[in-house]
Amino acid sequence: MITPLPIDAPVVTAPAAPGQPARSYWQQATGRLRRNRIGVASGLVLLFFVLVALTSPVLAAIFTHTDPRSIDLLNTFLPPLSPHHILGTDDLGRDELTRMFYGAQVSMGIGFLSVGVALTIGAAVGLVAGYYGGLIDGLLMRFVDIILAVPAIFLFILMSILFKPNTITLALIIASVGWGSIARLVRGEVLSVRTRDFMVATSSLGASDLRLILRHLLPNVLHVLIVFGSLYLGSVVLIEAALDFLGLGISPATPSWGNMLTNSETFFFHSSWLVIWPGLTIFITVLAANLFGNAIRDAFDPRLR
Amino acid sequence: MLAKYLLRRVLATIPVVIGVTLITFMLMHVTAGSYIPGIDLNPNLKVEDVEAIKKYLGLDRPLYIQYITWLAGITHGDFGRSMIDGSLVSSHIFDRLPATLELTVTAILIGVLISIPLGITGALRRGSKIDHALTAMSVAGFAIPAFWLGLLLILVFSVQFEAWGLPFLPSGGVTTPGTGGGDLFDRLVHLIMPATVLSFVYLSIWSRFTRSSMLEVLSQDYVRTARAKGMSERRVIYLHALRNAVIPLVTLVGLELPALVSGALVVEVVFSWPGIGKLLYERALSTDYTTVLGITTFAALLVVGGNLLADVLYAFLDPRIRYT
Amino acid sequence: MAAPLLELHDLKTQFFTPEGVVKAVDGVSLELHAGETLGIVGESGSGKSVTALSVMRLQRPGKIVSGEVRFKGRDLTKLSEIEMREIRGQEIAMIFQDPMTSLNPVFRTGWQVGEPVRLHQGWDKTRAMGVAVSMLNKVGIPAPEKRAHDYPHQFSGGMRQRAMIAMGLTTTPKVLIADEPTTALDVTIQAQILDLLRQVNREFGTATILITHNLGVVAGMCERVMVMYAGRIVESGPTVDVFAHPKHPYTWSLLRSIPRLDEERHEALKPIEGLPPDLINLPPGCAFHPRCTFKIERCSRDVPALTRVGDTQLAACWVTQSGVEL
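Protein chains in written order, with our numbering: chain B, 1 to 305; chain R, 306 to 629; chain E, 630 to 955.
Rather than coming from a laboratory, the hints here were simulated on the basis of the structure.
Possibly wrong hints are sitting among the right ones.
[Claimed, not checked] Calculated cross-link-like contacts (lysine-lysine; reagent style BS3-like; alpha-carbon spacing at most 27 Å):
(1) Lys434/R with Lys707/E
(2) Lys924/E with Lys899/E
(3) Lys775/E with Lys754/E
(4) Lys767/E with Lys754/E
(5) Lys309/R with Lys692/E
(6) Lys707/E with Lys641/E
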C-alpha cells in the first residue's frame, strides 16, 4: 500500500529516459516479471515439474532403471539412500523415486488440462454474459450460481463414482466446477471494460459482435485470466491429489502423488519417509504455482502491491 | 432499506434452489430411478409385487410429479432414502451433523481469533521481518495439502510422541472409545488436531486479508481525523480502524459459512471423524447414489442459505447498506 | 500586544523518500494571537497543510527536523506523545478537507462529534451526546437530536462539514485549524461554511487558521494572510494590504491571474509561467525566481529573508526589499 503522505506533498515521478521508444504494455509486464526473482524461480520450478512429467520414462531409465509398477515383495519399505532406491521403496517394494517421476504426469497433465478447459469455457461464458447483458447474462449467471452452490468436493466424488475416471475425464470433472468462478471473474472485467469509450467507438465503426468480443474485449481481460489460471493450477493440483488420496480419483494402479498417500497410516510404523515425499512435491508444486501467479499479477499491475 | 435489500436477495435464491434440486433429482433418476431400496434383499419377490411396491413409492408417476414430490419432501426435511438399506438420509444427516459442525465451527473460530491479531501485526509492522515471516507462512499455508498436513501431524503427535514416551494426541475419532461419551478434556484432545488442520487454510487467507484491509483503512482520512482528536494510538487502531477493517473480513468468513458442512470432508476421513463428509465418502464407496445425492442436496441448500446469511450479516454491519 | 497564542519559529519538516529528501516546510515562522483569523495561501505542494499537521504533530511519515512550535509558551515539538494528545482535539482542533472521507462511516455522527469531550473531559455518553446535539444545532444542522443518530453517509456534503466543525468545537479549543474546509464543496455551500467559521470565531473567540489555495476564501474570512511557496513564507500581512499592494511577485502574479468581472473582455488570461518547483531539488536562491518577471541577478544566488516591506507587510523578495513597487 502507498504510504499516506499529506495532501500537498509532491508526487515524484522518474523522468522518462530520453531517446527510448515507448514499450508496449506486454513488454513492460514481461520486463517486470523477469526482474521478480521469486516469480522467475517459481516459474522455473513449474517448468521443471512439467519437464519431469513429459520425460518420466526417460528419467526412470536413466536414474532408477526400473518402472513404477514392478513389485518386489522382498524389498518392501526400504529406507531412503538404499542401493538402487534413492528415496526408498513402498509397501509393495516399488521404487519410490520412479513413482514420483510418473506421479508428475498425473498432476501436471490433469492440472494443465483442467485449467485450459476451465479457462476456455469460463472466459467464453463470461465474455458473452458480460457483453450481451440482459436476459442472457441473467440466465448464464443463474446457471453459474447453481453450479457453485453444490459443494465441489461432493460433486467430484459423485461424478467419480458415476464415471470411473481416467486422466482426461478427471480433468474435465474438475474443470466442470472451476469454469464457474472464472466466468464470474471475466464477466466482472467485461462489465468494467465494456462501457469504455474505445468499445463504443469501435462498435460505431460497424464492427460485428464477435469481432468486438474477440479482438477488443478479450485482450483486455486476458491478464485476469492468466493470473487466475496460475493460481487455479495450484488449486487443481490440490483437489486432484485429495481425490486420489481418497481413492476416488485416478485409478490406483497409475501412480500419482495423491494416491501414493492413500491408506498411508499403515506406513507410519514402517517408513515415515513414504508419507513425506509425495506430500512435499505437491506442496512445492502448488507453492510454485501460487507464487508464479502472484508474480504475474504484480507484473501486470504493480500498483496493486 | 434493509427489508427491501433482503427481499431481493431472498428472491434471487429461489431459482438457484430450484436449479439445484432439479439437477440432483435428475441425477438420482438417472442413477437409481427405478431402484427400490432393499429390493435385493428378497430375490423371491414376484414381478407383480415389485410393480406394487413401485406404485406405492410413486415411481411410476410422471417425472415432473416425482420432482415435485422430491421438492415437497425436501421442505419437510426428507432427503430421500438409502439405496442400500432404505434408511432415511435425513436421519443420517442429523446424526452426523453435530460432529461436522463441532469441527468446522471450531476451525472457523480459530481462524478468526488468530487471523485478526496476525493481520494487525503485519499491517502495523509493515515491511519488517515479522511481516515478511507472516506473509511467507501465509503463502506456504495455502499450498499445503490438508490431508498431508493431517497425516504429518498424526505421524508426529500421535505415533512418534507415543514412541518417544511423551503424552500423545489420539489419531482419530471424537472421543476415546469405551469412555462412553467422554469428558470435555477428552473431546478437546480429539478435536485439536483436525480443527488445526482445517483452520490452516483459513488462517493463511484471512490473516493476509486482514493485513491488507487494515493497511487500506489506516490510510483513510477518518483515521487522521481520529488522531487529530487526540486519542491514544490503541484507540485509533482497535476502535476506529479495526471496526472498518473487519467488515470485508466478515464477508470472507461469511463465504465460508456455506462450506461449513462440506469443507471438512478430507479432514474427517484422515482423522476418522464421524461427520457428514465421512458419511458421504463411505456411502460413495458403496455406490449408494441416493444417499450421496441426498446429502449433496442438503449441503447445496445450506450453501445457498449460508450465502444469504452472509449477505444479511454484511448488510447489518455496514451502516451504509443498512440505511440507504 | 499580548503574547501570541501560537508561534512557529523557523519550523522545518522533511520527508525522507527513496528519491530524496522533500523539504516540505523549509523554515516557517508565524504568530497567531487569541481570537485572530489567519489565512495560509499556496498551491498544492507549497507546504501549507504540512505546516498545520506539524503543529499538531501529525506530520508522519515526515519528520520535524528543526524549529519550535510554541503554544501558550510550551514547545509542542518537545512534548511526549501522551502530552501532545491532550493538546490535540482539546486545545488545538483540526478539521480537514473532504468531509465525505474524514468522518468514520461506521459510527453515528453524534457519537463522533461527542468523542472529544468523552476523551478529554471524561464525560459520559449521555452528557457528551447532549453537547454534541447542541453543537450540531449551533452549526446550523436542522433537527439535531434526530440527526445526531444518523450515520455520516446520510448527510449532504455541506452538512457533513458543519458536523466536522461542530466536532472540532465541543471542547472549546483555543485554536481551530481548517485545512481546505470548502474545497470539496459546492460554491454556494462554500459561502455558508465560511460564514459559519466567521460566526464561530466571533462567538467562541477561537483563533482560526484557514488553509486554502483560494484567494477569494481568504479575502472573505481572514484578518491576516500568509502566502507560502515551496515550503517557505514569501509574504504575510493584513489581508486588505496584501491584496491591495502585494509585496512579492508570487502574490502579485496570483492576484493578477484571477479573472475579473470588470476587465476588458479581450484581455488574455495571465497565468503564472512555468511549473511548481521540485521540493527535492529546489532552485538556488529564491525558489520562485525561475518563474518571476521581476527577477534580478541576486535572486538566483541568495535566499531572500522575510523582512518588513512597507508599513504592515513582510515579504521575502530582493526586488521589493530594495524599494521597487510591483
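Unsatisfied constraints (hint numbers, rising): 1, 5
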